[in-house]
Structures are given as C-alpha cells and as structure tokens.
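Residue numbers (the numbering used here), protein chains in the order written: chain A, 279 to 553; chain B, 279 to 553; chain C, 279 to 553; chain D, 279 to 553.
Think of the hints as simulated: they come from the structure by calculation, not from any bench.
Remember, it's a predicted structure, so these values are computed and weren't measured experimentally.
Just so you know, not all the hints are guaranteed correct.
One copy or two, either will do: identical chains are not told apart, so a pair holds if it fits within one copy or between any two.
Claimed, not checked - Within a straight-line C-alpha distance of at most 27 Å, the following computed DSS-like cross-link-like pairs (lysine-lysine) qualify:
#1 K412 <-> K325
#2 K325 <-> K451
#3 K330 <-> K309
#4 K369 <-> K451
#5 K451 <-> K503
#6 K545 <-> K412
There are 4 protein chains.
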Amino acid sequence: MEKIKTKRERVKFASDNVAGACPEVLEAILKANDGDRAPYGDDEISKNLQDKFSEIFEKEVIVFPTSSGTAANALALSTMTPSFGNIYCHKLSHINVDECGAPEFYTGGAKLVNLNGVNGKITAEELNKSISGKGVVHHTQPSSVSITQLCETGEAYELDEIKKISEIAHNHKLNMHMDGARFANALVSLDCSPAEMTWKSGIDVLSFGATKNGCLAAEAIIFFKPELVGNLPFLMKRAGHLLSKMSFVSAQLDAYITNEVWLRNAKHANAMGKN
Amino acid sequence: MEKIKTKRERVKFASDNVAGACPEVLEAILKANDGDRAPYGDDEISKNLQDKFSEIFEKEVIVFPTSSGTAANALALSTMTPSFGNIYCHKLSHINVDECGAPEFYTGGAKLVNLNGVNGKITAEELNKSISGKGVVHHTQPSSVSITQLCETGEAYELDEIKKISEIAHNHKLNMHMDGARFANALVSLDCSPAEMTWKSGIDVLSFGATKNGCLAAEAIIFFKPELVGNLPFLMKRAGHLLSKMSFVSAQLDAYITNEVWLRNAKHANAMGKN
Amino acid sequence: MEKIKTKRERVKFASDNVAGACPEVLEAILKANDGDRAPYGDDEISKNLQDKFSEIFEKEVIVFPTSSGTAANALALSTMTPSFGNIYCHKLSHINVDECGAPEFYTGGAKLVNLNGVNGKITAEELNKSISGKGVVHHTQPSSVSITQLCETGEAYELDEIKKISEIAHNHKLNMHMDGARFANALVSLDCSPAEMTWKSGIDVLSFGATKNGCLAAEAIIFFKPELVGNLPFLMKRAGHLLSKMSFVSAQLDAYITNEVWLRNAKHANAMGKN
Amino acid sequence: MEKIKTKRERVKFASDNVAGACPEVLEAILKANDGDRAPYGDDEISKNLQDKFSEIFEKEVIVFPTSSGTAANALALSTMTPSFGNIYCHKLSHINVDECGAPEFYTGGAKLVNLNGVNGKITAEELNKSISGKGVVHHTQPSSVSITQLCETGEAYELDEIKKISEIAHNHKLNMHMDGARFANALVSLDCSPAEMTWKSGIDVLSFGATKNGCLAAEAIIFFKPELVGNLPFLMKRAGHLLSKMSFVSAQLDAYITNEVWLRNAKHANAMGKN
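Input sequences plus hints: build the corresponding full structure.
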C-alpha cells in the first residue's frame, strides 16, 4: 500500500521556469529532427507514447501531448465540465489565479468555486460542504474537482488526502482532475508510484507536467478513463494546440520518461529546493 | 515601385509539415538553452525580436511569437473582429477549412463569410459586393478581411491585388489580415520586400509563418498598427499560448530571420516545388 | 399519405411583426394574471402545454416556451451542434442572415454552412454534396441541418422535400431542425397535419413560431426526440430565457393552439398575403 | 443631501415572482396592442422611454428594455467586463448564485470574485483589498463591481455605502453596476431620489427591475454613461433579447413609471413585507 509520511517539508521552486532543458531532452529533439515525420501527432514517437505512459501508470491510458501547461489544464477541464458547470479548486490554485481565466475560456464560462483549504490544499470536508444545487436550473452545476500536486504552497497531497477528496467527488458524480505541473517532484517527495498517486487514488484525468522539470515545452493530458476523452481532439485543434510538428513535443516527453530522467531531475530539484 | 509579374507558376508544398528544422534554427535552440532566461517572453532574445522584425519590415512593428499557425491566425483575427463580426475570406482558406473553427472559438463566434474568388484568391470586386449590413442590428457586422499568402492553391497575390483588396476593406473600415503561413515562399516568388507585401499594400496584421519553412514550431503575430494589439497579451495567456520558456520559440524566429536563412530556405523550397 | 401540391404561390408577409396579438391571446394573458402562479414554468398552464402539444403532434413531445424566435432557434441548434460543428442551412435563412450570429453565440462558435438552394429552399442533393470531413480533426464537424418553413422567400417545403433532406441528414447522423417562425402559414398552405410536416417527415426539433401569427411574444421549442433535450434547461436559464412569470408566455401559446385559433389566423394571413 | 437612516428593517419578498401584473400595466399592454407598431423597439412607446427615464433620473440616460432580469444583468455586465475580466460581487448575489452562470456566458468567461461582505452587502474595504493583479498578464483583470439593491438578504445599501464602494471602484478604473431587481423597494425604503441612489452615488449602469413589482416581464438596462453602451444593441439581438414586438415590453415600463405606479406598488409591498 501507499506509504504515508508526516512532516514533509515544503519545496521551493523559484527557478523551474527559467532553467533550460536537460541534455537527454535536447538530444531527443535533435534526433526527432533527423528525417521526415508524419505531422499532427501521427508520427511513431507520438504513437509510442501511449504504450510508454501506459506502462508507467500500470494501466492503459490515453495521452495527448501539448506544449503548454495552461492549455493542458484548461483542455482537460473542458472535457469534464460543461459551460454551466462548477470546478471546485483551491483559491490559490494555478487554474484560478495564474492562467488568466483559461478554464473559463475553454469551458465556455464555467465557474471556479474557490475553497479555502488548509496549507494550500483543499479538504474533503470543505469540498463536501460546498457541493450543492445539483439539478436545480438556477444554479451552475457541480461538475469537477481540480487539485494541484505539488500544490501552490509547495506541499504534496498525501495519498489518503487524494483518496478522500476523490471519494467525495465521485459520490457526487464529479470528475477528478490533477494539475501535475510538478508531478515528478510530488512523486519523489511521496515516494510512491505514478499509479498510486493518480488513478489508484481516484484521479480521472492528469495534466502531466514536464516543462518545469527538464523539458523545453512539453506536457501531456493523460486520461485514466477513456470515456472522458470526448471531443478533446477537436477542441485541441480548434485551440491551436495540435502542433503540426508534434513529434518534437512527443520526443521531449519520450526522453523525459525514459531511463527515469524525470525522477532523477525531480530528486535533484527537490534536494535543491530544500536547501 | 513593386515589380508585377505575369504567369507565375503555382508552387506545390507537399512536404513542409513533415520536414524537420534547418541547422541554424536547431543551433539557436541549443544556444538559447544555455543559461537561465526570463520566462514568458521577458528574455533578451524575445525582446530583441521587436527591433529585428522592425528592421525587416522597415517600420516599427509589434511582435508576438507563438508556436502554432492556427493560434497565430485566430489570435490575430480576434483582435480585429468582435463576436458578432464577419471575417471575409476565400472559401478554401485555411482559416475556413483546416483549423476546426479556431477563428470562431477565439472571436467568440464570428462568422467567416466565404468568397468564391478566382484561382484560390479573393477579388476586390467580390469583396466589395459582399460587404453589407453595416450598422443594422439584425446582421453580423463586417469587421475584417483575411487573405492567405501564398494562397491555398499555391498562387501568390500580386501586390496590386493586395492593394485593391485592402483599399476596399479600409473604405468600409475593415481590418486587413494576412495569413502568411508561407510568407517567405511568397516573398521570394514575388521578389519584393516584406514591407511591400504587407503594410505598404495595406495589411494591418500578419501571421508570419516559420514552421513550414525551417522551424520546429515558431510563428509570429506582427502588428503594423499598434492600436490593433488591444488585449492580445491577455487573450494569448488565456489560451495557453504564452509559453513559459518562450525564449526557445523566439530563438527559432531569431535564427530564421538572421542572415537571410528564411529567404534561402524559401528559394530552395520554391525551386523544389516547381519541379 | 401527404397531399403534394404543385404551383403553390408564394406568400408575402410584410406586416406580421407590426400587428398586435389576436383577442384570444390577449384574453388569455389577462386570465393568467388572475391569481398567483408558480414561477419559472412550474405553473399549471405551462405544464399542460406538454399534453396539448403532444395531442396536436400525435406524439409525446417535450416543449419549452420562450418569448423570442431567435432564442428558440439558437437554443434548439445548441442542443444538436457542438462548438466545432457545422449547421447546414440556406444562405438566405433567418438564422444565417437576420439573427446577428445568435446560433454562433449559443453554440460557442459553430459554423453555418451556406447552401445556395433553389427558390429559397435547400435541396437534398446539394446538402449531400456539402457534407464532408466527418471525423477529421482539422475540419469542423457536420452536425445539424436547419430548414425554414415557410422559407425566407415565402415558399413552403413540400413534404417529400423535407423527407429527402431529413433522410440525407440522418444517413450522415446529423440532426434536423425546422425554423417554424411561420409554421402555421406553411401548414395551412400545405394542408397537411402538424405531425406530417415535422417528425413524420424526419424533423427532430422544431422552433414553433406564434409571435408572427397572433401572439405578443410566444414561441416554443418542441423536441420530437427526448434524447436531444440534453442540457437545454440550464442553457435557457443561463441565457436569460427562463422568464420568472413564464405562465404569461405559456398562456399565449395555450390560447393560440386552442380551438384552432392558430390555423384560423394563418388562413386569414395567407389569404391576405396572396392579394 | 441624501437622508441616511439607521436601523432599517429587512424586507421579505416571498411572493414577488408569483403575483401577476398590476392593472395599469395590463391596461398598457392592451392599449399597445391597438394598432400597428414598428418592430424591434422602433415604436413610439419605446422611443419615448428615453425621455421619461431621463426625467426620472434627472440626467440623459440610454435605456434598453428587456423581458428578463437575468438578461438585463448579464448584458449590462458584458458591456463593462472583458472575457478575461473580474466582476466583484457578494458571494450571495443573484448574479453569482441564481443565474446559472449567465454573466459568464454573456461575457465569454469572466470571473465572479466572491466577497463575503456584511449582512449581505459588500464593503468598500473588502473590495479594496480584493482588487489586485491589474496589468499582469497571468491574472484575470479587475473590471467591474456589481451590487444588488435591495440586496439578497433584503437590506438596502445606504447611499454613503454605495458612494464608498463606487469611489474604490472608480479609483481602480472599474465600472459600477447595480442589480436593481428590487430597485423601487429600495428607493421607497431609503426615501431618496432615483438619481441619488444611482449616478449621484457613482452607479454607471443599472438593471432596473419592474417584473417583481407589478409588470409581467419588463426590465430596463439604464446607462448613465453613454460611452459604456458599446456594442450592446448587437449583443442583445444576438442573444435573442431584442423582441420583435418590443413595444409591449416598453408599454409595461411606461405604465410602471407613470403616475408613480412603481413607487405605490413598492410602498405597498414593503409594508406587506414588514408584517
């Protein structure tokens, strides 16, 4: 079972947007550039990501590479939230504070319901109290929950915290999203498996961040429930996030998750952040 | 004055989305990766683009780098078209046919008015006849015109064709957009200056394409009229198109427009396309 | 079977927006005002409309009263067209020309594909040729077809014309919408039953117009397929089209369809229009 | 100067959506129906409203009649809030809780920033603390403030409270909106003039409610600053809120504000509510 720790320290991440890419990722870009590649994600590197991520997550997942974390979050949320829906999130969450209303843009006007939480993390109890109005036509409709891992204060949600939140969400038929901009840092910090930190704890869709941990511009939207994919391919294209030379994004992700590069980078970053 | 040519041949571009980046661009990415860079376009490479593009266009321009041509088009059009606006374009245009409704998404529902044109190019006459309903509350409002250079059939608009179309547009107080996904190819084909093919012929905003001509993922929205920029920075961020490590997009553009790399690439591509 | 006529004359309708309501409708408003009524359509008059319209259409239908024809059309289309969808319609259609982009607003940016048609009516053949791109992520997706009955030139679609169009639509898995702003005039002109002119000919959702034919401000969205209702109640509320005193709209509709008031009004109008 | 009162009691309004219209309003509808009227608000009754409301408000105002309070609020807010804007409002406010996200829909995804307030009313102090992030591209932009008069708990904002809130808003270049669903009740309760309760206290745009106080379905969006009208006529049409027979809405408003009908109704309602 998952190993729960107490007294985990917060990690500071001042520099993760200013540093460049790690050597393995750069090399992969150069290599991907060698020879013609089918455009729009139909290349072999992109296609192989499905299997590689499925292996990492110990489950068949559906993966959409993208070059922006804000886009990954907003696109993911738009598959699980109608225009008249509520997204429950921490008041300090990146989607609420730092994306200039991207979730609202992509969903067509959903409402981000702000939770106060504790230490930057929402709690199952507060979430449960906040969900109301289901089925009443005057109210925006409870639709999804989004948590950030690591959260905005640098703390990680423990596995049982995620499970409790997911349980409340699913009891109310809401979908669970994880903004994993610093997914690897959290994983290393919790010392658990990717599966344990996501679908085994009730996460339905993950924004898998890589840019802040060694890539130039590479993120992935990962679906643990294929039925939630919905119209995502059209929404992505329509938003200008289906790059023609998608293989160079996929190549970054491929190098990132190969030979534990991502975990090594995260361990290093966490160690630096604690000093 | 501009040199007008007759009987220009169409250029075929089957492969420009499948080929990789040219060596200068790759080298620039590697170099940009060397050392920390301010995020979100506040780095020196990005800032210097303003001057470099201004020099190329013989006019002070405002430049927004982006990694997607569809996004460049849709963002540009959203600054010059309200949600109830008409965008006049060729029925075969990329914005109408191949972007899954991106202009509609970014404008909040504008209408793309399809013109039949001749040989893939719209004509000033047909445009003039199509503009109607201005000020009448029941009708969507004429707002902007978009032409593709090279157009979708591979032909280039001659300078006097652009001028006539722009004149009609401006007479009706519409803004002129050029989708320059193959801007360099057109420039080489017309053998004129960037200024002549754009603002000197009445273009207000340009989607400057580079991905199809030697970059990995780099385009630029170029404003010849600063007053049209409007809220673009917020709209870009909100759409997930303000990349944190924007410097690596800017570095591609920088290498692309330095030492005539772009023109050399285009000359080569045009020569290949004619065979 | 349906009676098909030839050489039907066009009807002119210059005055149907300027005339007032008929006596029966006014009387119903006064009567509805007598005593308290449950708000937001939970009153008895509104509830009874379900049965009354079901009787008229010889099928159990789901009815949403509204006070605007533009809203009825746009709301109906938004239940059958995603933001990246195509709505096939005549180039002269009211939804395309006279509603200031309401369908685009309500769908979140769908594309109205203009058909040239013959005499103001689209044809099954042209529709069939126009539908393409299904499943291809670069293209907006064929989603729905809208015809206006009477159409904008004053002509009525014959029953077999509607059937052929619906057959093409359904073969391609598109939904059929009828803008029945002048539904009663068409019905009287064709001398057929409401059922024959709608669901028996393949119509899935109807904008049932009453304002132009004797009401003050009363229309109804009528679903012949309950599975298409989707999230309409929330979309209506969200658009400000769920009036608190909805009973006074319902009262108009109730009086309008009682004792053949609507058919009598339409017969009179058609007779006047032919002179 | 304004008369400030203390210890005003809350008013309960259980029944104002279920009661019918008052006799004067009904009579006006009947009278408006007598004879042809220009459609879409070009009739004499609608046009005269501009003068009548200007007289009432002691200032030249611009008036848009509408049949829905939710639409009046959302349309008003959409003229003063961009898609990436913040609307500051009480957490219990009707626009936040009871309109199923109408402001988000009409603005294209603005964010309603919830204030805790005191006794159902926001305070200038809390507003001032909440406004931040102006000009920073990552954050949604402070754009407008909306207060409800009477507020959702039944209390009225005192004139000096409105003035202090408006001062903060205007200092930050935000626009002030008043949701006056129960405007008349508040006016009677404060015993001040319409001008004092609105533009003289800093209100820029008012949703003037009439449905809850004697009309069937009649509200008005009233602009005290003509420059804020912007594109409202197009947005209204596009939303299906420009009724063809607008004269019957205007007739209700006309009767409502003539001979102090509205004030008499409100006095009666307030007296009943206090028992």
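Each hint tested on the structure:
Taking the shortest alpha-carbon separations for K412 and K325, only the inter-copy value of 22 Å comes in at or below 27 Å, while the best intra-copy value is 39 Å. In this homomeric assembly, K325 and K451 never come within 27 Å of each other (Cα to Cα): the closest approach is 32 Å inside a single copy and 29 Å across copies. Taking CA atoms no more than 27 Å apart as the test, K330 paired with K309 passes inside one copy only; the shortest distance there is 18 Å, against 30 Å between copies. Proximity of K369 to K451 under the C-alpha cut-off of 27 Å is found in both arrangements, the shortest distances being 22 Å within a copy and 25 Å between copies.
In the homo-oligomer, the alpha carbons of K451 and K503 lie at most 27 Å apart both inside one protomer (14 Å) and across protomers (26 Å), since each shortest distance falls under that limit. When the C-alpha separation of K545 and K412 is checked against a cutoff of 27 Å, the pair qualifies neither within a copy, at 43 Å, nor between copies, at 36 Å.
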